[in-house]
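Protein chains: 2
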Amino acid sequence: MSKAWLDELTEVVGEQYIQTKKSSLIAYSFDATPNFQALPDAVISPKSTLEIQQIVKICAKHHIPIVPRGSGTNLAAGTTPTQGGVVILFTRMNKIIELDEENLTITVQPGVITETICHTVEEKGLFYPPDPSSMKISTIGGNINENSGGLRGLKYGVTKDYVLGLEVVLANGEVIRTGGKLAKDVAGYDLTCLLVGSEGTLGIITEATLKLIPEPESKQTLLATYDSIEKAAETVSSIIANKMTPATLEFIDQPTIKAVEDFSQVGLPTNAQAVLLIEQDGPAQLAERDIQTIEQLAVTHGAINTSIAETETEAHNLREARRTALSALARLSPTTILEDATVPRSEIATMVNAINDIAKKHNVTIATFGHAGDGNLHPTCTTDLRNEDEWERVEQAFEDIFEKAIELGGTITGEHGVGEMKSPYLEWKVGEQGLQVMKQLKQAFDPHNIMNPVKMFAKSTRKRVVVK
Amino acid sequence: MSKAWLDELTEVVGEQYIQTKKSSLIAYSFDATPNFQALPDAVISPKSTLEIQQIVKICAKHHIPIVPRGSGTNLAAGTTPTQGGVVILFTRMNKIIELDEENLTITVQPGVITETICHTVEEKGLFYPPDPSSMKISTIGGNINENSGGLRGLKYGVTKDYVLGLEVVLANGEVIRTGGKLAKDVAGYDLTCLLVGSEGTLGIITEATLKLIPEPESKQTLLATYDSIEKAAETVSSIIANKMTPATLEFIDQPTIKAVEDFSQVGLPTNAQAVLLIEQDGPAQLAERDIQTIEQLAVTHGAINTSIAETETEAHNLREARRTALSALARLSPTTILEDATVPRSEIATMVNAINDIAKKHNVTIATFGHAGDGNLHPTCTTDLRNEDEWERVEQAFEDIFEKAIELGGTITGEHGVGEMKSPYLEWKVGEQGLQVMKQLKQAFDPHNIMNPVKMFAKSTRKRVVVK
Numbered sequence: 001m002s003k004a005w006l007d008e009l010t011e012v013v014g015e016q017y018i019q020t021k022k023s024s025l026i027a028y029s030f031d032a033t034p035n036f037q038a039l040p041d042a043v044i045s046p047k048s049t050l051e052i053q054q055i056v057k058i059c060a061k062h063h064i065p066i067v068p069r070g071s072g073t074n075l076a077a078g079t080t081p082t083q084g085g086v087v088i089l090f091t092r093m094n095k096i097i098e099l100d101e102e103n104l105t106i107t108v109q110p111g112v113i114t115e116t117i118c119h120t121v122e123e124k125g126l127f128y129p130p131d132p133s134s135m136k137i138s139t140i141g142g143n144i145n146e147n148s149g150g151l152r153g154l155k156y157g158v159t160k161d162y163v164l165g166l167e168v169v170l171a172n173g174e175v176i177r178t179g180g181k182l183a184k185d186v187a188g189y190d191l192t193c194l195l196v197g198s199e200g201t202l203g204i205i206t207e208a209t210l211k212l213i214p215e216p217e218s219k220q221t222l223l224a225t226y227d228s229i230e231k232a233a234e235t236v237s238s239i240i241a242n243k244m245t246p247a248t249l250e251f252i253d254q255p256t257i258k259a260v261e262d263f264s265q266v267g268l269p270t271n272a273q274a275v276l277l278i279e280q281d282g283p284a285q286l287a288e289r290d291i292q293t294i295e296q297l298a299v300t301h302g303a304i305n306t307s308i309a310e311t312e313t314e315a316h317n318l319r320e321a322r323r324t325a326l327s328a329l330a331r332l333s334p335t336t337i338l339e340d341a342t343v344p345r346s347e348i349a350t351m352v353n354a355i356n357d358i359a360k361k362h363n364v365t366i367a368t369f370g371h372a373g374d375g376n377l378h379p380t381c382t383t384d385l386r387n388e389d390e391w392e393r394v395e396q397a398f399e400d401i402f403e404k405a406i407e408l409g410g411t412i413t414g415e416h417g418v419g420e421m422k423s424p425y426l427e428w429k430v431g432e433q434g435l436q437v438m439k440q441l442k443q444a445f446d447p448h449n450i451m452n453p454v455k456m457f458a459k460s461t462r463k464r465v466v467v468k
Numbered sequence: 001m002s003k004a005w006l007d008e009l010t011e012v013v014g015e016q017y018i019q020t021k022k023s024s025l026i027a028y029s030f031d032a033t034p035n036f037q038a039l040p041d042a043v044i045s046p047k048s049t050l051e052i053q054q055i056v057k058i059c060a061k062h063h064i065p066i067v068p069r070g071s072g073t074n075l076a077a078g079t080t081p082t083q084g085g086v087v088i089l090f091t092r093m094n095k096i097i098e099l100d101e102e103n104l105t106i107t108v109q110p111g112v113i114t115e116t117i118c119h120t121v122e123e124k125g126l127f128y129p130p131d132p133s134s135m136k137i138s139t140i141g142g143n144i145n146e147n148s149g150g151l152r153g154l155k156y157g158v159t160k161d162y163v164l165g166l167e168v169v170l171a172n173g174e175v176i177r178t179g180g181k182l183a184k185d186v187a188g189y190d191l192t193c194l195l196v197g198s199e200g201t202l203g204i205i206t207e208a209t210l211k212l213i214p215e216p217e218s219k220q221t222l223l224a225t226y227d228s229i230e231k232a233a234e235t236v237s238s239i240i241a242n243k244m245t246p247a248t249l250e251f252i253d254q255p256t257i258k259a260v261e262d263f264s265q266v267g268l269p270t271n272a273q274a275v276l277l278i279e280q281d282g283p284a285q286l287a288e289r290d291i292q293t294i295e296q297l298a299v300t301h302g303a304i305n306t307s308i309a310e311t312e313t314e315a316h317n318l319r320e321a322r323r324t325a326l327s328a329l330a331r332l333s334p335t336t337i338l339e340d341a342t343v344p345r346s347e348i349a350t351m352v353n354a355i356n357d358i359a360k361k362h363n364v365t366i367a368t369f370g371h372a373g374d375g376n377l378h379p380t381c382t383t384d385l386r387n388e389d390e391w392e393r394v395e396q397a398f399e400d401i402f403e404k405a406i407e408l409g410g411t412i413t414g415e416h417g418v419g420e421m422k423s424p425y426l427e428w429k430v431g432e433q434g435l436q437v438m439k440q441l442k443q444a445f446d447p448h449n450i451m452n453p454v455k456m457f458a459k460s461t462r463k464r465v466v467v468k
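Line order of the protein sequences matches chains C and S.
Just so we're aligned, residue 1 is where the first sequence starts under the UniProt record's numbering, counting upward by one.
Just so we're aligned, residue 1 is where the second sequence starts under the UniProt record's numbering, counting upward by one.
Excised from the complex, chain C in its bound form (with noise of 0.2 Å):
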């Protein structure tokens, strides 16, 4: 341990919580994402916010880049520590510091997992709405980075919608806190809602007040198959246009259902080329009666099959089974890329479309799933990296996928975030005077960018050929 930043950060934490042997630095030097990967200098475990503002502020003084990092599930390289310096974990910032039933708010630490806050909740009667799939290893601090969505977010919304305030360690070392346990502050700048998807390049979350609501009573769970998928996606448009708004309504093609039948083995119809995994809670009359009308609305849309969950252990395989679409198309091949276009609901099926025949063109494979009342999609591609030719082609078709997005009013991602992966086309979203704003309030809120640096914003712009 040759550095002396190194010395003066062991000596905040303890030799017992700080990492630098190259076996544990290598564990920290990926996340989820493949093919982005770079060593840090230091992994470092701090048990408080205060020794975060001692870490925050040597690495001030010596300019050496932070990375806070949850589980590192998530998809856009965003916890890679590209250019080195130090991994914070926040395995010893796991606490649940209050429920109160009150106000309807629990306050935590960003290390407690994402499905220990819902399992708490749901103890007293409450709910917290934000299932990203990897619910069960992602952590809070992650999800708030990240603003995580998931399979409720067509009635629920997203995590940005359930975070009242937060304790956050900006780059100068300072602690600001946020909101409170407030349903409405206009006290300035509503900071809370910029922190949340900042994506840790603003300052690090040590602190969250999240808004919980009642438990929906009872739950309905719809399945229907289709034998195409603009039936599929007629039958989302009918669902919207009849002022319904499903809980969960997901969309998976004959490739994913494939492959998550073959991992799971709940009974999906491995031969259909869609199926719609609907679900719709509250009263159980009004749940009731509401999956009715959404069942004879997919078989009025030509659905070939459908089938309401009769008990609530089927219901929870169907749900299950779907969450588990990245882990089964993962068995297929060495490398799994999961995208996250987003586009208006109404482009579902032309989206769909189009990224079949994008994999069609670059001669990839891509299967497709995802939240079709959010007009969120899943392209995934199952490949090898260490197969250069087809890698680039794979770059190429997710190149044209995100372009194919931005034409029908979509987005890059919908709640991946952008991270090192897909800071390349963050200005295809918001245009050049956009991303001069936003690196102007990144240059305020870290003058010296420590904070996960090369986040975000890329070196430059991948060129974009736009064909109207």
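Treat the hints with care, since some could be wrong.
Chain copies aren't distinguished; within one or between two, either way the pair holds.
[To be verified] In the PhoX-like style, the derived pairs of lysine-lysine whose C-alpha atoms are separated by at most 25 Å in a straight line are:
#: 1; residue 1: K404; residue 2: K211
#: 2; residue 1: K463; residue 2: K361
#: 3; residue 1: K155; residue 2: K219
#: 4; residue 1: K124; residue 2: K243
#: 5; residue 1: K459; residue 2: K439
#: 6; residue 1: K219; residue 2: K124
#: 7; residue 1: K360; residue 2: K231
#: 8; residue 1: K258; residue 2: K136
#: 9; residue 1: K243; residue 2: K155
#: 10; residue 1: K439; residue 2: K57
#: 11; residue 1: K136; residue 2: K124
#: 12; residue 1: K124; residue 2: K155
#: 13; residue 1: K155; residue 2: K231
#: 14; residue 1: K3; residue 2: K22
#: 15; residue 1: K155; residue 2: K211
#: 16; residue 1: K360; residue 2: K258
These are calculated hints, taken from the structure and not from any lab test.
Let chain C serve as the given structure and place chain S on it in line with the hints.
Here is chain S on its own, set in the frame of chain C:
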């Protein structure tokens, strides 16, 4: 018209759309906030984003302040042209651009009246929930700049929860577009959220895409009468504790009841110490079930009378009566100050009692009503600003109220904004570091400080004597 920059502006919009006569300037020298007034140099009514860009570029070149103004209904001196300059009106940018029934969005220019949006979407069975009391005359641009709340906030949230995308002219005259018709978008920082509630200090909103939801199928309205404030507050707590989320949960104290009844004559019990106006919406059976449960809770917690409106006319009258609270109280005296201190909802009773104690201590008259479900109270002082001695006591009283709100974990403003009026108190809520970050952010967006200057940030913070 001696100033060269006025000639330049005239060239942009034409003589017809720029006012520089003293009589016109006086009309725009103040907004709905008492005791704040300053003459602008010109009042200008552009017809397009392009004209606004040209106006901003001229103002940027000459360092002329720009004050965007909707209908001037704000209560925090958010639109007084404190440093002169140009007031921009949106009377010619008042078109509904598109109602998209497939994606459930409406795209509007900033000058559209809020109520017009509500009525337009209701014709299609859709719902735009944010409903500030001023909605009959306020503009959507003003609502977005102030992140306006309303009576339906508890269940449906506030303006920021419905803004999906913005077109904004920056301080350099360039245009950015944020978000879109997208349920989810995490491409870069959430500029949409940051701009909502930024009070015109970061840019000029020239277009907005708003989220719509299906219109609730039915509505039930309950009036509960109390002989003590505590019992009303206990009812509020018990409703939340029983996992109910009413659409509206309004508190009105005795002085407000009396003023409203004198004004509206809808049959409010003028001898009651407090009433709660509670509404639930949704499918008929559910709304009925909920309102009956809530009625039972009101009785259990000591309501001396409860009544469910039997007709929509009766319900409408009660709702409209509540909306007239400010107008009704304003008739009582030459000057009315309506504040919006907000606390965690568990602190409602403590806060109302504290307000009454503070009024007594300073010998001033304060009536209180507000959105109890949100912890958002409107202590309203009827006074006369020509009475210098009393005016000083009024200011002292509100200072005490802000301090108490902060002490209870609340905020100085729940839905009105900071403006010029509350700028000396912003640091009380956000802290020295928080204020510093906000100033840096303002500097990043608006380096020459031409965008609504002297709003949000005061020259100095009021000294706060924290008594614990």
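Evaluation of the provided hints:
1. K404 x K211: Result: close only across copies, 23 Å inter versus 36 Å intra.
2. K463 x K361: within (20 Å within a copy, 67 Å between copies)
3. K155 x K219: both (13 Å within a copy, 20 Å between copies)
4. K124 x K243: between (31 Å within a copy, 10 Å between copies)
5. K459 x K439: Result: close within a single copy only, 12 Å intra versus 28 Å inter.
6. K219 x K124: For K219 and K124, the Cα distance is within 25 Å only inside one copy (18 Å; across copies 28 Å).
7. K360 x K231: The answer is within: 21 Å in one copy meets 25 Å, while 68 Å across copies does not.
8. K258 x K136: within (23 Å within a copy, 55 Å between copies)
9. K243 x K155: both (12 Å within a copy, 18 Å between copies)
10. K439 x K57: Classified as both: same-chain Cα gap 22 Å, cross-chain 21 Å, threshold 25 Å.
11. K136 x K124: within (20 Å within a copy, 41 Å between copies)
12. K124 x K155: both (22 Å within a copy, 20 Å between copies)
13. K155 x K231: Intra 22 Å, inter 34 Å, cutoff 25 Å: intra-copy only.
14. K3 x K22: within (15 Å within a copy, 69 Å between copies)
15. K155 x K211: Cα proximity of K155 and K211: in one copy and across copies (15 Å, 13 Å).
16. K360 x K258: within (19 Å within a copy, 73 Å between copies)
Hint compliance for this structure: no hint is broken.
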